[in-house]
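S.K.: So you can see what is in the structure, the chains are spelled out below.
Protein chains: 2
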Amino acid sequence: MNGAQSLIRTLVGSGVEVCFGNPGTSEMHFVAALDSVPEMRGVLGLFEGVVTGAADGYARIAEKPAATLLHLGPGLGNGLASLHNARRAFTPIVNIVGDHATYHKQYDAPLESAIEPLAESLNGWVRRSDHTADVGADAAAAVAASMDPPGRVATLILPADISWGDGGKVVDAVPPRTAKAPADATVAAIADVLRSGEPVALLIGGSACREAGLRASSRIANATGAKVFVETFPARLERGAGLPTIERLGYLAEQVAFQLDGIKHLIVAGAKPPVSFFAYPDKPSDLVPEGAQVHTLSDNAQDVIAAVEALAGSVAADTEPTLAEPARPALPSGPLTPQNWVDVIGALLPEGAIISDEANTSGLMVPMATAGAPRHDVLTLTGGAIGQGMPVATGAAVAAPDRPVINLESDGSAMYTLSALWTQARENLNVTTVILNNNAYAILRLEMQRVGADLSGPAAKALLDLSSPEMDFAKMAEGMGVPGSRASTAEELAEQFERAINEPGPHLIDAAVPPLL
Amino acid sequence: MNGAQSLIRTLVGSGVEVCFGNPGTSEMHFVAALDSVPEMRGVLGLFEGVVTGAADGYARIAEKPAATLLHLGPGLGNGLASLHNARRAFTPIVNIVGDHATYHKQYDAPLESAIEPLAESLNGWVRRSDHTADVGADAAAAVAASMDPPGRVATLILPADISWGDGGKVVDAVPPRTAKAPADATVAAIADVLRSGEPVALLIGGSACREAGLRASSRIANATGAKVFVETFPARLERGAGLPTIERLGYLAEQVAFQLDGIKHLIVAGAKPPVSFFAYPDKPSDLVPEGAQVHTLSDNAQDVIAAVEALAGSVAADTEPTLAEPARPALPSGPLTPQNWVDVIGALLPEGAIISDEANTSGLMVPMATAGAPRHDVLTLTGGAIGQGMPVATGAAVAAPDRPVINLESDGSAMYTLSALWTQARENLNVTTVILNNNAYAILRLEMQRVGADLSGPAAKALLDLSSPEMDFAKMAEGMGVPGSRASTAEELAEQFERAINEPGPHLIDAAVPPLL
Chain A
0 MNGAQSLIRT LVGSGVEVCF GNPGTSEMHF VAALDSVPEM RGVLGLFEGV
50 VTGAADGYAR IAEKPAATLL HLGPGLGNGL ASLHNARRAF TPIVNIVGDH
100 ATYHKQYDAP LESAIEPLAE SLNGWVRRSD HTADVGADAA AAVAASMDPP
150 GRVATLILPA DISWGDGGKV VDAVPPRTAK APADATVAAI ADVLRSGEPV
200 ALLIGGSACR EAGLRASSRI ANATGAKVFV ETFPARLERG AGLPTIERLG
250 YLAEQVAFQL DGIKHLIVAG AKPPVSFFAY PDKPSDLVPE GAQVHTLSDN
300 AQDVIAAVEA LAGSVAADTE PTLAEPARPA LPSGPLTPQN WVDVIGALLP
350 EGAIISDEAN TSGLMVPMAT AGAPRHDVLT LTGGAIGQGM PVATGAAVAA
400 PDRPVINLES DGSAMYTLSA LWTQARENLN VTTVILNNNA YAILRLEMQR
450 VGADLSGPAA KALLDLSSPE MDFAKMAEGM GVPGSRASTA EELAEQFERA
500 INEPGPHLID AAVPPLL
Chain B
0 MNGAQSLIRT LVGSGVEVCF GNPGTSEMHF VAALDSVPEM RGVLGLFEGV
50 VTGAADGYAR IAEKPAATLL HLGPGLGNGL ASLHNARRAF TPIVNIVGDH
100 ATYHKQYDAP LESAIEPLAE SLNGWVRRSD HTADVGADAA AAVAASMDPP
150 GRVATLILPA DISWGDGGKV VDAVPPRTAK APADATVAAI ADVLRSGEPV
200 ALLIGGSACR EAGLRASSRI ANATGAKVFV ETFPARLERG AGLPTIERLG
250 YLAEQVAFQL DGIKHLIVAG AKPPVSFFAY PDKPSDLVPE GAQVHTLSDN
300 AQDVIAAVEA LAGSVAADTE PTLAEPARPA LPSGPLTPQN WVDVIGALLP
350 EGAIISDEAN TSGLMVPMAT AGAPRHDVLT LTGGAIGQGM PVATGAAVAA
400 PDRPVINLES DGSAMYTLSA LWTQARENLN VTTVILNNNA YAILRLEMQR
450 VGADLSGPAA KALLDLSSPE MDFAKMAEGM GVPGSRASTA EELAEQFERA
500 INEPGPHLID AAVPPLL
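Chains A and B, in that order, are what the protein sequence lines are.
Position 266 (the first sequence) corresponds to 265 in numbering that gives the first Met the number 0; numbering is contiguous.
Position 24 (the second sequence) corresponds to 23 in numbering that gives the first Met the number 0; numbering is contiguous.
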């Protein structure tokens with residue numbers, strides 16, 4: 000058994016069943032080994048940012064890691080932005096990076112490049128396999144490291160000769176550590192804060208954004224009057240009819256100031272105290288209201304659900320959560336606007352949908368429009384590195400082939416990782432992409448004002464403008480084998496969206512939604 | 000004057016007149032400052048790999064650096080693969096990476112990420128501006144560092160508050176060091192080798208691939224009988240009628256063994272002794288023939304042209320170079336093949352063309368077909384990180400608006416950085432892209448056999464296959480505002496190519512060329 004075979008067999012034995020890859024010559028033995036381990040599904044991406052983003056989306060839904068397969072430093076470099084988002088999502092990923100043969104590195108061949116510094120920049124786990132006999136153990140350790148709470152990117156660097164060498168050994172899965180609940184005393188102290196009568200907000204994140212955490216948080220709010228918020232960019236948020244609707248903390252500092260106005264205590268569970276996404280001249284970076292005290296119920300490496308449930312048990316033993324009633328907006332009509340397109344989605348969102356949300360400024364009103372829609376998951380842009388939406392949708396659809404995946408995608412962000420559409424077509428994935436095409440980096444127009452920069456000049460304006468030439472995403476999609484259409488009215492969007500979610504396979508709708516700003 | 004203004008004015012004063020950028024919030028003051036310094040041209044790319052690759056292509060033609068503008072670690076990550084190629088090309092680039100405000104970094108906001116480790120992986124020059132008053136000096140130092148022979152990527156990290164702060168100072172250009180010719184004794188010793196009567200090969204690279212170096216090398220070959228080769232992947236090679244035709248060293252170890260068979264001495268000038276691109280089981284990595292002695296006439300940091308001219312002066316004082324006669328292949332007819340499409344290019348290549356060559360396996364016969372075509376430049380894939388061709392073509396066209404740029408591009412590689420087409424349309428650049436569309440990672444099929452991996456299984460085959468779904472590059476191009484067409488016969492390719500090079504602005508031809516292998 001060669002190293003590659005021991006690697007793949009060990010991964011499969013550890014529960015890793017999908018490998019998103021974009022291989023090169025140094026990964027050819029890994030590719031060949033896929034045929035000897037049919038339990039591993041290889042999914043090809045045409046660009047590494049698609050590969051790593053798909054692995055992120057897969058694990059957010061599958062709740063276990065996928066592997067990636069990348070080609071030396073440049074391949075890892077291309078995958079870094081998506082891995083940055085995965086890091087912020089605490090997504091487990093087993094990131095396999097092929098390298099030159101050990102004896103070949105000294106020759107500084109053209110693709111010779113630093114790999115460790117790039118991998119280490121992700122603050123995860125990094126190891127280089129030095130011996131074929133160790134590859135299986137390294138793979139098992141990588142899987143365990145990726146799943147060690149709260150989850151991380153584990154990168155295993157695999158030199159070509161270690162991969163093709165003989166003497167590989169399959170190693171049993173190493174069980175990851177389990178997350179622990181916080182100490183009783185911590186829960187008791189925070190319960191006292193909630194009982195103090197002072198204004199309190201509870202900010203939840205991580206696994207508390209799933210049903211159990213949301214229910215417990217809603218009970219706490221109902222019993223104590225505390226405000227409850229979900230972190231601004233949750234990796235996976237369960238929403239819809241039958242679940243508590245808990246507002247997300249805003250993106251803008253001004254929104255957060257409004258939401259947290261007057262509180263004296265901020266309890267965080269699986270989330271960090273809020274900070275501004277960017278710095279702005281003469282505005283605070285720390286968004287905890289002045290004078291408010293922060294109490295950490297649970298960090299992300301702990302069992303956040305157990306933490307909020309314990310707190311609810313203490314302060315809200317007999318209180319029920321508030322659950323959203325089924326409710327859908329009416330189907331709108333007329334030309335698309337930033338306000339009405341979200342009602343189309345809210346009116347038609349299918350049962351069990353997964354929304355990969357990178358609608359940015361165009362999507363501000365999506366939460367309102369979908370609060371009473373059938374139960375669904377929302378995957379958000381956790382790390383701010385744009386280009387996440389399409390790859391994450393792709394991976395989510397691989398993880399949940401029976402669920403409809405809806406990708407709400409900004410035009411500017413879409414252009415980073417557009418070739419995800421080809422993988423969606425190749426794998427016949429049920430992804431409906433709605434491009435919110437406003438011909439602009441609209442968020443930067445907003446940000447330019449907020450940082451106090453002067454956007455009145457033509458050179459500055461031009462750099463935020465995507466209208467020259469206008470992009471036709473339907474054509475681009477068709478070029479990659481995905482049926483594409485264009486909508487400029489709410490009726491067209493509704494008709495095309497309904498057809499897309501009812502037909503198998505991927506579809507793209509290029510929706511001409513004017514900028515909000 | 001704020002920091003951003005002092006930065007841009009210093010860059011302009013140092014001769015940097017183009018900034019390829021994809022900015023975010025932390026770069027907004029840089030963007031705004033463009034309007035106060037109209038001498039700096041901002042060119043928007045929709046993805047950072049396009050931005051950095053365009054800067055590479057620009058400098059290969061303009062012989063001076065462009066600036067980039069990138070957004071934190073993820074932006075730099077997206078640009079790394081193209082910067083890797085630029086590093087291998089010794090291209091001067093002033094790489095500006097925006098970062099969070101200095102006081103904001105402590106809050107670990109979502110986009111907080113390591114920048115220095117990524118920049119340092121390029122083995123270039125890295126500095127972080129810590130004070131607004133220093134930004135001008137830092138910029139001048141970055142330009143000088145980028146141009147210090149043989150050229151490199153100089154990365155300047157610019158925190159948002161340093162950029163928006165007041166007190167910026169414009170700093171005069173710092174002259175870069177000039178390259179020195181090698182010592183007379185070195186030249187004399189190598190002249191003796193050439194006079195020894197033993198079989199000698201001269202391998203030239205770097206600036207010796209330009210006319211002066213080629214002429215001197217041809218004279219040396221004619222006077223001494225030495226074989227002369229150009230390095231496998233030159234950053235910029237001048238070719239065509241009226242210039243010496245010097246064969247490039249092959250990509251495959253087997254080719255190199257054939258080319259260097261029997262030599263006892265290998266003289267290198269601006270190039271490294273040849274090594275295998277990848278390691279292959281039981282094949283050597285070092286491609287210098289056994290027993291041959293390597294002599295370094297000049298490394299790339301020295302004046303390589305002066306070196307080969309001095310050598311020619313010593314051993315070939317009265318010898319003329321051999322210059323290619325004007326000669327073009329006949330226009331072929333019938334269905335496109337890996338053999339005949341190159342004759343279309345050779346027959347129709349316009350005067351003064353710049354070829355951005357990422358045709359990979361499909362392009363093996365381009366050099367033969369174009370040897371007697373009108374004088375042109377070839378920019379090759381220096382670092383092996385695919386996705387270079389379209390961005391480099393884009394930058395080259397910005398540098399030389401009056402020259403026709405021809406991008407010969409593989410299908411698989413094109414999908415990495417396809418949005419370069421949008422920038423070509425926006426800037427109305429004279430780039431004609433010919434996609435060699437063989438529906439495969441054909442090079443990997445070749446490599447799989449060469450590394451001894453078994454490609455007979457369906458899983459392995461599938462990962463190298465791009466035919467499901469087939470890609471329609473003409474549609475994708477039209478979606479980005481570039482006129483697209485499809486050719487499946489030589490006549491169609493000729494007709495479309497001729498029209499494309501005669502019409503202003505970009506064009507794309509999707510050429511159905513079957514795989515060579």
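Please note that the accuracy of each hint is not assured.
Any copy, or any two copies together, can satisfy a pair, since identical chains are not distinguished.
Below, in silico cross-link-like pairs of lysine-lysine (DSSO-like), each with a Cα-Cα straight-line distance of 27 Å or less [as the list claims (entries may be wrong)]:
hint, residue 1, residue 2
1, K263, K104
2, K226, K474
3, K271, K63
4, K179, K474
5, K226, K168
6, K474, K263
7, K271, K104
8, K271, K474
9, K168, K282
10, K282, K271
11, K271, K460
12, K271, K168
In case anyone wonders, no lab produced these hints; they're calculated from the structure.
S.K.: Reference check for the pair K271 and K104, CA-CA at most 27 Å: within, between, both, or neither?
M.R.: Cα proximity of K271 and K104: across copies only (15 Å, versus 42 Å in one copy).
S.K.: When Cα atoms must be at most 27 Å apart, do K226 and K474 count as within-copy, between-copy, both, or neither?
M.R.: Intra 46 Å, inter 51 Å, cutoff 27 Å: neither.
S.K.: At most 27 Å between C-alpha atoms: does K226 with K168 qualify within a copy, between copies, both, or neither?
M.R.: neither (54 Å within a copy, 49 Å between copies)
S.K.: Since the copies are identical, ignore which copy is meant and state whether K474 and K263 lie within 27 Å (CA to CA) inside a copy, between copies, both or neither.
M.R.: neither (54 Å within a copy, 58 Å between copies)
S.K.: Taking 27 Å as the upper bound on the Cα-Cα distance, should K282 and K271 be classified as within, between, both, or neither?
M.R.: Answer is within: at 19 Å inside a copy they meet the 27 Å cutoff, but 54 Å across does not.
S.K.: What label fits K271 with K168 when the C-alpha limit is 27 Å: within, between, both, or neither?
M.R.: Intra 41 Å, inter 39 Å, cutoff 27 Å: neither.
S.K.: When no copy is specified for K179 and K474, does a C-alpha distance of 27 Å or less occur within a copy, between copies, both, or neither?
M.R.: neither (51 Å within a copy, 53 Å between copies)
S.K.: Measure nothing new, just compare the shortest in-copy and cross-copy C-alpha distances for K271 and K63 to 27 Å and report within, between, both or neither.
M.R.: within (24 Å within a copy, 46 Å between copies)
S.K.: Evaluate K168 and K282 at a C-alpha cut-off of 27 Å and name the case that applies: within, between, both or neither.
M.R.: Answer is between; shortest inter-copy Cα gap is 26 Å, intra-copy 57 Å.
S.K.: Is it within, between, both or neither when you check K271 against K474 at 27 Å Cα-Cα?
M.R.: Intra 42 Å, inter 45 Å, cutoff 27 Å: neither.
S.K.: When no copy is named, should K263 and K104 be tagged within, between, both, or neither for a Cα gap of at most 27 Å?
M.R.: Classified as between; 26 Å across copies, 58 Å inside a copy.
S.K.: Is it within a copy, between copies, both, or neither that the alpha carbon of K271 lies no farther than 27 Å from that of K460?
M.R.: neither (35 Å within a copy, 46 Å between copies)
Checked against the numbered hints listed earlier, the structure breaks hints 2, 4, 5, 6, 8, 11 and 12; every other hint is satisfied.
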